[in-house]
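> Chain by chain, the residues run as shown.
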Amino acid sequence: MDFKSYQPDAFYDELFQGPGQPRAGAGLLVDRIEALPDGELTRRQQAAEAALMNLGITFAVYGDQQGTEKIFPFDIIPRIVEPHDWRQIESGLKQRIQALNLFLDDVYHDQKILRDKVIPEEVIRSASSFRKQCVGLKPPKGVWCHITGTDLVRDNDGQFYVLEDNLRCPSGVSYVLENRQLMKRTFPQVFEASRVRPVDDYASRLGQTLGHLAPKNLSDPTVVVLTPGVYNSAYFEHSFLAQQMGVELVEGRDLVVSDGFVMMRTTRGLARVDVIYRRIDDDFIDPLAFRDDSVLGVPGLMEVYRAGRVALANAPGTGVADDKVVYAYVPDMIKYYLNEDAILPNVPTYLCWRDKDRAHVLGHLNELVVKAANESGGYGMLIGPAASKQEQDAFAEKIQASPRNYIAQPVVSLSRAPVIVGDHFEGRHVDLRPYILYGEDIYVVPGGLTRVALRKGSLVVNSSQGGGSKDTWVIDDAPGAAGTRQQ
Amino acid sequence: MLSRVANSIYWMNRYIERAENIARFVDVVRHLVLDLPDQVSNQWESLVEATGDSEAFKKRHGEATEASVIQFLTFDRENPNSICSCLWSARENARSVREVISSEMWEQVNRSYLMVKSPQACDRVDDEPSEFFSHFKKACHLFVGITDATMTHGEGWHFGRVGRLIERADKTSRMIDVKYFVLLPRIDYVGSPYDSLQWAALLKSLSAFEMYRKQFHHISPKHVAEFLILDRQFPRSMRYCLIKAEESLHVITGSPPTTFSNHAERCVGRLRAELDYADIQETLDAGLHEYLDEFQIKLNGFGDAVYETFFALLPVPA
Chain A
1 MDFKSYQPDA FYDELFQGPG QPRAGAGLLV DRIEALPDGE LTRRQQAAEA
51 ALMNLGITFA VYGDQQGTEK IFPFDIIPRI VEPHDWRQIE SGLKQRIQAL
101 NLFLDDVYHD QKILRDKVIP EEVIRSASSF RKQCVGLKPP KGVWCHITGT
151 DLVRDNDGQF YVLEDNLRCP SGVSYVLENR QLMKRTFPQV FEASRVRPVD
201 DYASRLGQTL GHLAPKNLSD PTVVVLTPGV YNSAYFEHSF LAQQMGVELV
251 EGRDLVVSDG FVMMRTTRGL ARVDVIYRRI DDDFIDPLAF RDDSVLGVPG
301 LMEVYRAGRV ALANAPGTGV ADDKVVYAYV PDMIKYYLNE DAILPNVPTY
351 LCWRDKDRAH VLGHLNELVV KAANESGGYG MLIGPAASKQ EQDAFAEKIQ
401 ASPRNYIAQP VVSLSRAPVI VGDHFEGRHV DLRPYILYGE DIYVVPGGLT
451 RVALRKGSLV VNSSQGGGSK DTWVIDDAPG AAGTRQQ
Chain B
1 MLSRVANSIY WMNRYIERAE NIARFVDVVR HLVLDLPDQV SNQWESLVEA
51 TGDSEAFKKR HGEATEASVI QFLTFDRENP NSICSCLWSA RENARSVREV
101 ISSEMWEQVN RSYLMVKSPQ ACDRVDDEPS EFFSHFKKAC HLFVGITDAT
151 MTHGEGWHFG RVGRLIERAD KTSRMIDVKY FVLLPRIDYV GSPYDSLQWA
201 ALLKSLSAFE MYRKQFHHIS PKHVAEFLIL DRQFPRSMRY CLIKAEESLH
251 VITGSPPTTF SNHAERCVGR LRAELDYADI QETLDAGLHE YLDEFQIKLN
301 GFGDAVYETF FALLPVPA
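Those sequence lines, one after another, are chains A and B.
Under the numbering used here, the first sequence has 286 at position 286, and the numbering climbs by one with no breaks.
Under the numbering used here, the second sequence has 172 at position 172, and the numbering climbs by one with no breaks.
Calculated directly from the structure, the hints in this document are not laboratory data.
The C-beta atom is built at its ideal place from N, Cα and C for all residues, glycine as well.
Keep in mind that the hints are not guaranteed to be accurate.
[Said to hold, decoys possible] Computed from the model, here is a short list of chain A residues facing chain B with C-beta under 8 Å:
# : residue
1 : L52
2 : N54
3 : G56
4 : S239
5 : A242
6 : V250
7 : D254
8 : R265
9 : D441
[As the list claims (entries may be wrong)] Pair ranges (Cβ atoms, derived):
#  : chain 1 : residue 1 : chain 2 : residue 2 : range
10 : A       : P37       : B       : L114      : 24 to 32 Å
11 : A       : K216      : B       : S261      : 33 to 41 Å
12 : B       : L114      : A       : G260      : 46 to 54 Å
13 : B       : E45       : A       : D200      : 52 to 60 Å
[As the list claims (entries may be wrong)] Here are a few chain B residues that face chain A, going by a calculated C-beta distance under 10 Å:
#  : residue
14 : M1
15 : L2
16 : A94
17 : E99
18 : I101
19 : W106
20 : V251
21 : I252
22 : S255
23 : T258
So that you can see chain B by itself, here it is in the shape it has in the complex (with noise of 0.2 Å):
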């Protein structure tokens, strides 16, 4: 497969992960927003600065509300981070590789984003944002699905998993950072009535409750974090997308598991391991923030690796 090419499906997936978790994020603020007695600060100006573009949303939408934020992340072309840019940046990599997906894939990246660029699609975030959002994570997960069913599974299909699945390891583990380091109201809410609410709408937002309350039970943060970031079978989990990765990057090169025949595989197998390996408590006691940040710069780093090992043009010595 041309390297061009592989590079084209895994940031298309990438691209498609990202943004089905923007909508994960406004969905799991917008319940968290609802869920808090009214004298609390602003979550959606939080939420704004965790993206880490506040300046850029200052200078073009002002103050923020909840309608400015959506706008900014859903509709606003020149946030590269918004559901739009990522649609479009997914659609011209599907574009450059409608030789080698099905169909049916490119047809669904295109109608995606045709339904998000529509000018109702702007109304219908207002009137019904619930809706809207659900939606279009089903339009996501339908994508999805036509590329487990239609796409032979082989190379390409391999780097398209590889590249959805660091997205979304990475998106989980912002997530849970959003929860529990940017919109933490007041110390005094942890362990509170409030506090469990608001873990559980971070599990809906990721789509884990129902799995979580069978594994279980009751809702307490470290469970909640054990889950989402521990948890071997859930797909939403960061050591699940781990794991499936590193199979993939293992079908794609024919190294035998736990060995690596490249540096991406060599990454990939560290950052797995530390997960396999992790106690919770002692990971809650160290800092979850830090420990996620940090994970989010191991997880670049494999990122970086990958890039390197497979899509690189190195030029030819002469």
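The shape of chain A in the complex, shown without the other chains (with noise of 0.2 Å):
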């Protein structure tokens, strides 16, 4: 298989910079694939997802009586991140999540940015995913957000902007460390030669944030991994994580509040937990202070938490920030709390409770994605120039009905990469979620997970409606990296 005939297109291409011309840190791989004999891509390809199938890395398809159970498609031809992008993806996103904490530990106490006007009041005052039980909450050393995972995406103009941030319970980073090991094996030459940097150890650094936060004076914190349980299409992560960290896998049900403590119940009685990485929503995490029909969390949670004998990561109330009428203000976070201009830019964003915006945005409704306040994971959105006149007009009525809810962006042309289909490349869509870890400093995991929208022309990438992954391979060059090591 070569790449002869795969055409770029009028995209940017991730590995191509011309039909036929590779980038810079492609060069070595596209070489290597195709001195590989005929048939041995594929044989690579299948026995990548056989694998796959028998380590059980699978998501339950919901709504399946049968019980099946779906590998989350791998293409095995990985994304390249050349360095000169990646300086500038982790030091916009160190920025980023430090002004986004600064901002959360200030709308949960004195509201400076509000009372400057710099973020209207109302825009939070309507913000449904504002918990007002964590107003005053002091987490532990003043960190909100521990745990993130950005969405970005590139344009034409090769530029690299923010979508989503994902403050909440971002998941996929036990797919980038599989994928990793996944593609060590199908080319472990070529990962040799090309100076990869390693993502292995996510699953430590993640370990020594969250002992970070432990109360102080524990010598050794009890850390654990809250998890909805093993119906929740991110089981495997949460189990996945826990595993690499060697903590505890809880549910709910395992934990209980007594004397003041969270504790858990084991084989020989309760036992304290200090750290909390929870994975359930902060709706679902105490019935007593959020929803009190969970049946997922712990009863009595918020109050120890409140009383600082345990941690949580995150924070909760983390959500208000992943508002995306709030989203659009996150470059003037930044200049409001660092004085910086924002190195990652946000996608342009029109919000539709503002008079202008939203004319805008009813006008221009076949050129625009238009997207709900509070959804994620794809829900809730028109993509305007796919969209009939029909679903335009139900768009334009709920617009019109609730404008706060409702914002609208250009159409991205997303950047594409070649995946493999059938005997040759074809060009897809794809983003990348790089995860971000602030404990004692901010850590951006080098690569992320890149998804790729597996259909033909869609540029939806999120696993529940069509999308795969492929593993990111940052390249190294500082001098000295892997590849000139001395013999």
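Please assemble the complex out of the two chains, which come individually in their own frames, going by the hints.
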């Protein structure tokens, strides 16, 4: 299989700068792939898929009585990120997450940014993800969002934009780690020669980040991962991370509040828990504080948290900054808190509650992407150019009924990367979700999850809607990096 | 260790052991049928009756033939005691403790499940039943071997072993009963050459034939019963299972041997002591079937005690 007939078309291609012209970092990979004997690439692709099935790295198909499970589709041609691009991403994300944390701390305390009229008070007052239960909370070390998975997209001009911040319970990092393991098996030589920056220490770094949150004076704090349970679509990841960190994976029913502490039920009685990496949404985490019909959470947990006797990652309440209207103000936050210009720009965003913006959106529905302010995962969305007149009209009605709940953005023509389709390569749209840990300092995993819209022409990369993934290779250009190692 | 996690490891092992023993059951009946003269009544029907699922079987499969009973016991997902159902449960339990067991163990449970669930499995069982079941038994042995070789022999491993051994003791007792009671064609067969052949088939189905020979040389019902019930060292004998289950419980709790610190230890200690001092002739005279029945009830009591002592998520007083 070769790239001779591969067409980057009118899109920014992650591997090729023009037909038959690989980008600097991709040359070696392209050479090696083309040097493989006939059928070999297909064989390796199949081997990778079989490995995923046998390892049980699958997700349950909801509503399927047969208990059908699918692997998250994986394409073995890696996506390559060149060093200069990565430098911008890394510094941009560090800056952004710092500002977002300052914002969260501010918005649940003095609300200076509202009083200084940088963000209209109305925006926060009407944000359904603002948690009044969190007002006045003091999370350990003042950090609210310890684990973030920011969605980036790249437009035709080659510029990366931030699409979503995902400050609640971003998932997908386990696929980054598993994809990497698979790729080392699939292309060992290319891998070694390409000077790919390692991602494998994510679990230890996550463990350190969590340990850092433990109440003071504990020499050996107990850290746990809290999962909604085995039927959650991200269960594999919860289990994987607990396993890799060597900590307990608990469900709500394993935990109980007793004597002012959170305890877990063990075969030898109750044992104290100090840090909870929770993968349950705020709403379900404590029926006494949030939704009282939740059976997934731990009654009384928030009380213990407020008293500083257990740490939560992420802190509850971070969702307010995921509101897509609040998102539009992140560049202003960066200016306000850090006095810097945003290194990574936002996708330009129209806020429908502004009369002028709304008029523009309603007049250009066929050109814009409209999103509900509080949805994620590709739900509650209208992709104007692909929508029928009826769908557009339905959204116009929704927008007029509650303008606060909708934003609109120009269609970003996402960059593409080659994927294997049968016996040849075709370009498919991709995004990039790097993961950021905020513990003692801020660390961005070099790489991240490259999600691919596997349907031809589709711009939707979400796994719930036919997306797959690729390994992401961030190339190291530091002198002395792997590849120049001595014999 | 979390109670829920201990419970899942325990059941993961029980279900794997159960699935393996279903394969052994089918094996023993196939051999008994092959060795019997033609005119003898339908043994497959007796096997279904022995499982206690007769009604459900008739509803879905009709007449009891070798093929329909094998389908019922192997692939029928509506039968909670089919190999496929047991493996599904083992896998669901394994999935919920993936972070505690080794990835090799998980992979083996997963592979076994996918093997039985694959469309080819149905054809294979029809064409070459012996091949299929022996392959399947090996997959179960592989799981136990991987467990021993890759999982720390700590609390979790010991809970797993308790689960496996309770299940095994129960199934060994039931298999003896199937030969002795359920499938006994006529009283005048007892002591005939057929009878010896059948006892030998039972030993083979329990992988016990060679080990038995080393001990007793000649096949006699009394000695087979003695070997499978009372042998101290054969890993599928009922007594061996109890000795090792008790040992594991004591490792878990740290209480010294011959004492008990909870109800579960008391149950298993008492039952093991009964076997330690049993006399096979007395047992046979009093009725082997009744004896095995009672053993199963006591063993269930032990299982319940393990649950109450270690796994039950008792509400915490406010």
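> Confirm or reject each hint.
Hint check results:
no. : hint                         : result
1   : L52                          : 11 Å, violated
2   : N54                          : 6 Å, holds
3   : G56                          : 4 Å, holds
4   : S239                         : 4 Å, holds
5   : A242                         : 4 Å, holds
6   : V250                         : 6 Å, holds
7   : D254                         : 5 Å, holds
8   : R265                         : 5 Å, holds
9   : D441                         : 27 Å, violated
10  : A:P37 to B:L114: 24 to 32 Å  : 30 Å, holds
11  : A:K216 to B:S261: 33 to 41 Å : 37 Å, holds
12  : B:L114 to A:G260: 46 to 54 Å : 47 Å, holds
13  : B:E45 to A:D200: 52 to 60 Å  : 58 Å, holds
14  : M1                           : 5 Å, holds
15  : L2                           : 5 Å, holds
16  : A94                          : 9 Å, holds
17  : E99                          : 4 Å, holds
18  : I101                         : 9 Å, holds
19  : W106                         : 6 Å, holds
20  : V251                         : 12 Å, violated
21  : I252                         : 7 Å, holds
22  : S255                         : 13 Å, violated
23  : T258                         : 22 Å, violated
Violation of the numbered hints given earlier is confined to hints 1, 9, 20, 22 and 23; the remaining hints are satisfied by the structure.
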